[in-house]
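Chemist: Now for the letters of each chain:
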Amino acid sequence: MPPRSPELRSAVCALVPVAERSEPLVAVRGVAVERAGRRVLRGVDLRVVAGERVVLLGPNGAGKSTLLRVLAGLILADAGDARIAGVDVACVDARARLGYVHESAATRAESTVAEHTREIAALNGLTLTRALLAETLAQHGLATLADAPCGSLSHGQARRVAVAAALIASPSVLLLDEPLDGLDASHADALVATLRSASERGCALLIASQPHAALAPLATRAVCLAAGRIVADGVPATLRAEHAPRVTLRLVVRNDWLEAASAAAVGGVRVPHARGFACEVHTERKQVSDVLARAHAAGLEIEAVDWRPDDLTALSLLGSSEALT
Amino acid sequence: MRAGFAWLIARRELAALARAPSSWIALALASPAAGVAFLSSQRSLRARPAWMVLEDLFALSAALAALAGLLLGARALVDERLSGSWVALAAAPVSDIETIAGKWFAATAAATATAMACSAPWLALVAADAGSTSASAAHSMGALVGIALGAGTSAAIGLAAGALVRAPAAVLASAGCVSLALLLAGRVSRSVAAPAEHAVGWLSAELHALAFAQGEPGVSDVAYFFGLSYMALTASVVGLRRSRWG
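Chains as they are written, first to last, in the working numbering: chain A, 1 to 325; chain C, 1001 to 1246.
Next comes chain C alone, as it looks inside the complex (with noise of 0.2 Å):
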């Protein structure tokens, strides 16, 4: 993989991202939404640590970032379709794998800002509130990466779906259905007999998100995330491929 071109296909993307209004709406709307989520979410919870404030508002800039990435991924490719500009990129000198590489970095980027500008006005007033109590800067780091690698593996799951099938509703549905399966994988687990119990709730998306979350991630959760977007990323570049064959 050419890594230039991967980038160039990124920058493409973001700009296609940045121009398009619809883009800018969306983030005008998420941004207070986030904001009600979060304070309706304290309301009823008064004195709390300051490390317990910032689990909540990191578990909703996750599942913010993991909902942008997953339409930013399933939009990637359907777009490009529906206008007609995929042409111009399929009859390219650029390789499928650079293609997704291109189109991944770029949904989780613009996933993971997302769910930054809409919590980091609230990540700012708790660390302020809470002074040098429990804020740690590493929980906050550690949730970062969680937030980024949500994100990422969200958009990898929408690439997927982007690829392997055509119709646009379709495309989402799909993406859909494998994020709900990934995120109740925790509350089937607890109905499933013993062996497969454990296997079954490793694939829990909300376990290993909350990992993150509390700033306390172990390899286990790392190589979830980093095994998901592999699969979802492998998936779309043969999908990408079988496509040339009609």
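Extracted from the complex, chain A is given alone in its bound form (with noise of 0.2 Å):
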């Protein structure tokens, strides 16, 4: 385990020969963090080779993130070590390995793409040729915003330009933090084929994202993330099969009361609802119209069936474009 100072780890830093720097390119072992007395991640085991392609799945506030924030070296774990090829993460040498993508615009308003993109180029070394930077912009579809300020730009072009930003320098490793949000359809098969010829040239991409259907042929591998703990990691196909879709139900009954028996009756539980009282459900998508016939034996007036996937079913939604409605 690394040591907690930042200094010491700084000085460390400096001790570890390149050499002894192997693979995977990520290495994630017991990382935990806490923050405002939360426990954000537990103990995270994580690791990812060359090539591969791991998308990061979750609700809101399971971790993922963070996750990529600790890898990225913006935040340090309380716990646990996080490498990027072999290197601390608290080292400048890993962040000089990795492409970060955050979740929101990383720009300044004033500066322009074209800027912000040199900017960038020359933060990781690399001086940018007025031919290359406007290759560069085209490949991502920017060429015509090259001179708008980032602060004009919509959400989905800021995201093209930090995608573009942290890709130029041909990043061993590329954390993307909900890259297709705000991204329309053709924009999307975009970016993911820029992300797939990426991961072909050797760079490990590890992507947190909501299920979406865009992301299913890229994804070569999901982590499940719940809670700050990962509950499941594989082969996508794989995932599906040993996690059956679950949702969870909510009826909203017509009745203005909903006795706790009645919702016992479908295998439910009464929860708080506008109109009083509804009988929320979890199980199996298959068993979704033998819980509506017992709903309706058990003599609910069912007036509206409101239902989402559960943490894990959000695996299913990555193998297919099929969305639950």
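Each hint should be verified, as a subset may be incorrect.
Claimed, not checked - A few chain C positions that, by computed beta-carbon distances, are all more than 10 Å from chain A: (1) Leu-1014; (2) Ala-1020; (3) Gln-1042; (4) Trp-1086; (5) Ala-1091; (6) Ser-1140; (7) Ala-1170; (8) Val-1178; (9) Ala-1185; (10) Ser-1189; (11) His-1198; (12) Trp-1202; (13) Ala-1223; (14) Met-1231.
Unchecked claim - Simulated restraints on C-beta separations: (15) Ser-1220/C to His-155/A: 33 to 43 Å; (16) Leu-1082/C to His-296/A: 53 to 63 Å; (17) Ser-154/A to Leu-1082/C: 19 to 29 Å; (18) Ala-1117/C to Asp-181/A: 56 to 66 Å; (19) Glu-200/A to Gly-1084/C: 30 to 40 Å; (20) Leu-1082/C to Asp-181/A: 44 to 54 Å.
Stated by the list, open to error - Interface residues of chain A toward chain C, partial, derived using beta-carbon atoms under 8 Å: (21) Ala-72; (22) Leu-74; (23) Ile-75; (24) Gly-80; (25) Ser-104; (26) Ala-106; (27) Glu-110; (28) Ile-120; (29) Ala-122; (30) Leu-126; (31) Ala-265; (32) Ala-293.
Keep in mind that the hints were calculated from the coordinates and are not lab data. Backbone N, C-alpha and C fix where the C-beta goes; we use that ideal spot for every residue, glycine too.
Please assemble the complex out of the two chains, which come individually in their own frames, going by the hints.
Modeler: Shown next as structure tokens:
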């Protein structure tokens, strides 16, 4: 385990010879993060090798973004060890090997797209020629926005600028936090193609995202986080087979009251609702019609049915474009 | 530390300052304000030797440079955090020392330039009026070095506040308090008992700044500004590293 003091860790960085820094490209062991008294990550272990395309799934607050921030060196873990290409993430050398796309725009509003891209390249030790800059921007559909101030961009355009900047130094590891957020279908597909080509060059991808159909063909591995822990990790198809898709059904009944006994009859619990009470049932998707039949038999007059996927059901969306509606 | 990266951060900082309309508005307001302050200090005293007029002008410039340095140093990290661009910098392969060095250099250069821009016309006027009497080049050079050192020290204090404190208002308040304490140290020393009097008096920024304004700085004056800058910059780097612990 590395020393806790940042000063000591920086000193140790300088002593570790590059020859000892070996695969995997991302190695996380027992990482725990606590913020404001809340345990955001609880002993996360993860290894990602070159060319692997890992999608981090999970509900809001599961710890996906925090894990990426730890790997990007933006925050240091309270416990455990996180390394990029064998180098402690606290070291500058680790950051030299990664590209990071933050969930919000990380640009100065008054900088133009071209200036921002050139600046990120310079921070990575690269000098962009005019031609290379134009080529890079064109590759990401940003050629016409080169002189636009970053503050005037739409959310989707800002995402594309962030991805272009992250890829500019051909990083070994690319960390992307909600990269498809705000992108239309054509730009989402273009981004996925760009990420695939980066991965084929050996770049390890770690993508934190809500389930998105465009990611399905990209992911070679899915890691599902819940409450700061990894609850599932594997090839998406295998995980889908192992974890039958589950949903949470919320039955809004026409009756102006709902007895606990009626709720129990459908295997659910009574929960508060705008109309008084509703019945919430956790079940497998294939059992939905049975639950509705039991509700009908129990005398519940169902006015509306809401359903949302449980945490692991997110995996089902990764492997297909099917949506739960 | 890689000087190239520190220079890159400094250029980035200066470019952001040059682009911000507020920079030019502040300069446009500071310039006539400095002129009015200088003229009002001269109104009641006539036929003074050039070196005395210069002394007043350099003291005013030093105060302006210190104020500008403090504000520019304090905003250097706060602005990045507020705009969100700090993420790009923190995730880039640039060390905390390089980041602080670059930002400090930019704040110092901008503050010195601001003070010089505001006082240059008056300096030219004094030099022309004094002819070959007592407006010596050595006096001017010594004072200019003092202005730059004062700006650098203030910028370092502002940066340290920005690195150690999160809330923008608290950053300004803490930087202001430290600066005020250094300004008042001379007056406080008069009410302190004999053995501590000298030590507290030595902390007075006014004392050392005046030595430069008079064109007669000593080693002790140079050591004062270098020492304070070094301590504040070290605190900035430590603060930045600690901020990664959240």
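Chemist: Now, for every hint given, state plainly whether the structure supports it.
Modeler: Results for each hint:
1. Listed as outside the interface, Leu-1014/C is consistent with that label: its C-beta sits roughly 13 Å from the nearest C-beta of chain A, beyond the 10 Å cut-off.
2. Distance check on Ala-1020/C: its Cβ comes as close as 7 Å (rounded) to a Cβ of chain A, failing to clear the 10 Å threshold; non-interface status is violated.
3. Taking the minimum C-beta to C-beta distance to chain A, about 40 Å, the non-interface status of Gln-1042/C holds against the 10 Å cut.
4. Residue placement check: Trp-1086/C does not keep its beta carbon more than 10 Å from all beta carbons of chain A (closest about 8 Å).
5. With a cut of 10 Å on Cβ distances, Ala-1091/C falls inside the contact zone with chain A, its closest approach being about 4 Å.
6. A cut-off of 10 Å between C-beta atoms confirms that Ser-1140/C is not in contact with chain A; the least separation is 36 Å.
7. Every C-beta of chain A lies more than 10 Å from that of Ala-1170/C, the closest at about 18 Å, which supports listing it as non-interface.
8. Distance to chain A confirms Val-1178/C as a non-interface residue, since its nearest Cβ pair spans about 23 Å, more than 10 Å.
9. Ala-1185/C, annotated as away from the interface, keeps every beta carbon of chain A farther than 10 Å; the closest lies near 30 Å.
10. Under the 10 Å C-beta cut-off, the non-interface status given to Ser-1189/C relative to chain A holds; the minimum distance is some 34 Å.
11. With a least beta-carbon separation of about 34 Å from chain A, His-1198/C lies farther than 10 Å from that chain, consistent with its non-interface assignment.
12. With a closest Cβ-Cβ approach of about 29 Å to chain A, Trp-1202/C is found to remain outside the 10 Å limit, as its non-interface label requires.
13. The non-interface label for Ala-1223/C is consistent with chain A: the shortest C-beta to C-beta separation is roughly 25 Å, beyond 10 Å.
14. The Cβ of Met-1231/C sits about 16 Å from the closest Cβ of chain A, beyond the 10 Å cut-off, so the non-interface label holds.
15. Take Ser-1220/C and His-155/A: their Cβ atoms lie about 57 Å apart, and the range 33 to 43 Å is violated.
16. With their beta carbons about 56 Å apart, Leu-1082/C and His-296/A fall inside the hinted range of 53 to 63 Å.
17. Between Ser-154/A and Leu-1082/C the Cβ separation comes to about 21 Å, which falls inside the hinted range of 19 to 29 Å.
18. The beta-carbon spacing between Ala-1117/C and Asp-181/A, approximately 45 Å, falls outside the hinted interval of 56 to 66 Å.
19. Taken as a hint, the range 30 to 40 Å holds for the pair Glu-200/A and Gly-1084/C, whose Cβ atoms sit roughly 31 Å apart.
20. Checking the proposed 44 to 54 Å range against Leu-1082/C and Asp-181/A shows it is violated: the Cβ atoms sit about 22 Å from each other.
21. Interface restraint check for Ala-72/A: the shortest CB-CB distance to chain C comes to about 5 Å, inside 8 Å, so the restraint holds.
22. Hint on Leu-74/A holds. Least Cβ distance to chain C is approximately 5 Å, under the 8 Å limit.
23. A cut of 8 Å between beta carbons decides the hint on Ile-75/A: the least distance to chain C is about 5 Å, and the hint holds.
24. Given the 8 Å rule on beta carbons, the hint for Gly-80/A is violated: about 14 Å separates it from the nearest Cβ of chain C.
25. This hint holds: Ser-104/A has a C-beta 6 Å from the nearest C-beta of chain C, less than the 8 Å allowed.
26. Checking Ala-106/A against chain C by beta carbon gives a least distance of about 4 Å; that is within 8 Å, so the hint holds.
27. Taken as an interface hint, Glu-110/A checks out: its beta carbon lies about 5 Å from the nearest beta carbon of chain C, inside 8 Å.
28. A distance limit of 8 Å between C-beta atoms decides the matter here; for Ile-120/A the minimum to chain C is near 6 Å, and the interface restraint holds.
29. Of the supplied interface hints, the one on Ala-122/A holds, with its beta-carbon coming within about 5 Å of a beta-carbon of chain C, less than 8 Å.
30. A cut of 8 Å between beta carbons decides the hint on Leu-126/A: the least distance to chain C is about 11 Å, and the hint is violated.
31. A least Cβ separation of about 48 Å between Ala-265/A and chain C goes past the 8 Å threshold, and the interface hint is therefore violated.
32. Given hint, Ala-293/A at the interface with chain C, is violated; its Cβ is 51 Å from that chain's nearest Cβ, farther than 8 Å.
Of the numbered hints given earlier, the model fails hints 2, 4, 5, 15, 18, 20, 24, 30, 31 and 32; all others are met.
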